[in-house]
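Input sequences plus hints: build the corresponding full structure.
Residue numbers (our numbering), protein chains in the order written: chain G, 3 to 262; chain P, 427 to 494.
Keep in mind the hints are simulated off the structure, nothing from the lab. Ideal placement from N, C-alpha and C gives every residue a C-beta, glycine not left out. A couple of the hints might just be wrong.
Computed list of lysine-lysine pairs in BS3-like fashion (alpha-carbon distance at most 25 Å, straight line) [what the hints assert, rightly or not]:
no. : chain 1 : residue 1 : chain 2 : residue 2
1   : G       : K84       : P       : K442
2   : P       : K442      : G       : K54
3   : G       : K133      : G       : K164
4   : G       : K164      : G       : K261
5   : P       : K486      : G       : K91
6   : P       : K486      : G       : K84
7   : P       : K493      : P       : K473
8   : G       : K58       : G       : K133
9   : G       : K257      : G       : K58
10  : G       : K91       : G       : K261
11  : G       : K164      : G       : K257
12  : G       : K58       : P       : K442
13  : P       : K493      : G       : K91
14  : P       : K493      : P       : K481
15  : G       : K133      : G       : K54
16  : G       : K261      : G       : K58
17  : G       : K256      : G       : K58
18  : G       : K257      : G       : K133
Pulled a few chain P residues facing chain G out of the computed Cβ check, cut under 7 Å [claimed, not checked]:
no. : residue
19  : P435
20  : Y438
21  : Y450
22  : G456
23  : Q466
24  : E469
25  : V472
26  : S475
27  : Q478
Which stretches of chain P does chain G cover? Using the computed rule of at least three CB atoms under 8 Å from a CB of chain G, they are [to be verified]:
no. : region
28  : 440-448
29  : 482-494
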Amino acid sequence: MKVSSSVIMLSLVVACAPLGVYAGEKAGGNSSARVESRTAETKSAGLDELSKEYEKENPEAVPLISDPVRPWNVACFHFNDKLYFWVLKPAGTGWRYFLYPRFTRIGVKNFIYNFGFTGRLFNNSFQAYFKDAGIEFVRFLTDTTLGVVGFWDPAERLFHLKPRDTDFDETLGRWRIGMGCYLTWPFFGPSSVRGTFGLIGDSAFDPIRSHWSFQLLSMINTNSLGENEYETLRQGALDPYVAIRSAYVQNRQKKISSKE
Amino acid sequence: MKARALETPVDYSLAKAGERWFLYDVRSEGVSLVQNYRSQFRELLVKRSVEQFLKQVNEKVKENESKL
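Set out below in structure tokens:
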């Protein structure tokens, strides 16, 4: 947690760059009027150069999404937020002590992931990634037999067969269907109009992993492994709702536009 | 035993300005932290004055620094 919060801190400072309140380095100690005092330091450090560099690497504008049902989304966000801190996180801690050795919980993760092979097989085919669909098929056979129902991942560990993770929302996106407006659902979290159809598609093509019991186990297990990006992002955010929305849209757009 | 999905690549963007190297963005899973804060700043600056906004930023920085 220490490392991740310092990353957030550093990036909070860095994120001020386009607004002209960039800081030279991570400062410690005296904290009064820090942002203002940093402005002067920045000018000498070449803020313009940094901004130019940034614009060069990010030619497209900030990804945006319309949010006409914001009150509903905010309500769902708060519901899910409480669910995370009051239920999921304590359950994750309990689960960690129940299955203490880390490799057993990683095994559970692999086990659940292995069941998602149908979804990856279908969606890779839908997206014309036929080689990856084939890899998925071989992976399933290998991991289910040699890997003892998927607890171990010999397909990747021994044969270097990496899965291409995907879902139905990505399929729809690659078929050039737009996201539509932003939607948040209780339990399911951030989504969109397209994302909602994606969830429906996943329940058809990835039926086992989409079952609520597997979803719940997966979320608790993931949390027990200390993979809590949500918390990290939330802690550093000035407006957690907007931070999550932006992260969701960026992540989806990246997935769909990536050539891999 | 190592889980494939436990590996999350993180990209750091650095630029040299004068003598020093500056970190100006951190990206993971397609999410750029600069973009993320930009979208937050956009909404906050519509709702508040610049002074209130800077105060809020300072408070958040202090709050998180105290946790380090």
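Evaluated hints:
For the hint pairing G/K84 with P/K442, the CA-to-CA distance comes to about 43 Å; that exceeds 25 Å, so the pair is violated. Of the supplied pair hints, the one linking P/K442 and G/K54 holds, its CA atoms being roughly 12 Å apart against a limit of 25 Å. For the suggested pair G/K133 and G/K164, the alpha carbons sit about 11 Å apart, so the restraint of at most 25 Å is met. For the proposed pair G/K164 and G/K261, the alpha carbon gap of about 16 Å is at most 25 Å, so the pair holds.
A distance of roughly 23 Å separates the Cα atoms of P/K486 and G/K91; the hinted pair therefore holds under the 25 Å criterion. Proposed proximity of P/K486 and G/K84 is supported: the alpha carbons are some 21 Å apart, at most 25 Å. Our distance criterion of 25 Å between C-alpha atoms is broken by P/K493 and P/K473, whose separation comes to about 28 Å. Restraint check: the Cα-Cα separation between G/K58 and G/K133 comes to about 34 Å, which exceeds 25 Å; the hinted pair is violated.
Between G/K257 and G/K58 the alpha-carbon distance is near 21 Å, which keeps this suggested pair within the 25 Å criterion. Between G/K91 and G/K261, the direct Cα distance comes to roughly 35 Å. Violation of the 25 Å bound is thereby established for this hinted pair. At most 25 Å may separate the alpha-carbon atoms for a hinted pair to count; G/K164 and G/K257 meet this at roughly 17 Å. Taken as a hint, the G/K58 and P/K442 pair is honoured in the structure, with Cα atoms around 15 Å apart against an allowance of 25 Å.
Only pairs whose Cα atoms come within 25 Å are accepted, and P/K493 paired with G/K91 is accepted, the gap being roughly 19 Å. Restraint check for P/K493 and P/K481: the C-alpha separation of about 19 Å stays at or below 25 Å, so the hint holds. Note on G/K133 and G/K54: the hinted pairing is violated, with a Cα-Cα distance of about 40 Å set against a maximum of 25 Å. Restraint check for G/K261 and G/K58: satisfied, since their Cα atoms lie roughly 20 Å apart, inside the 25 Å limit.
Between the alpha carbons of G/K256 and G/K58 the distance comes to roughly 18 Å, so the proposed pair stays at or under 25 Å and holds. At most 25 Å may separate the alpha-carbon atoms for a hinted pair to count; G/K257 and G/K133 meet this at roughly 18 Å. Look at P/P435: its Cβ only gets to about 12 Å from chain G, farther than 7 Å, so that hint breaks. For P/Y438, the shortest C-beta to C-beta distance to chain G is roughly 10 Å, which exceeds 7 Å, and the interface hint is violated.
With its C-beta approaching chain G no nearer than about 5 Å, P/Y450 sits inside the 7 Å limit, and its interface hint holds. Interface hint status for P/G456: upheld, as the beta-carbon distance to the closest one in chain G is roughly 2 Å, under 7 Å. Against a cut-off of 7 Å between C-beta atoms, the interface hint on P/Q466 holds, since the closest Cβ of chain G lies about 5 Å away. Annotation: P/E469 was flagged as interfacial toward chain G, and the flag holds, the nearest CB pair being 5 Å apart, inside 7 Å.
Contact between P/V472 and chain G, as hinted, is not supported at the beta carbon level, the nearest pair being about 11 Å apart and thus beyond 7 Å. Violation of the interface hint for P/S475 is found here, the shortest Cβ-Cβ separation to chain G being roughly 14 Å, above the 7 Å cut-off. Given the 7 Å rule on beta carbons, the hint for P/Q478 is violated: about 12 Å separates it from the nearest Cβ of chain G. As drawn, the region 440-448 of chain P meets chain G at 5 residues by the rule of a beta-carbon pair under 8 Å; at three or more, the given contact holds.
Remark: the region 482-494 of chain P is confirmed as covered by chain G, as 10 of its residues place a Cβ nearer than 8 Å to a Cβ of that chain, reaching the required three.
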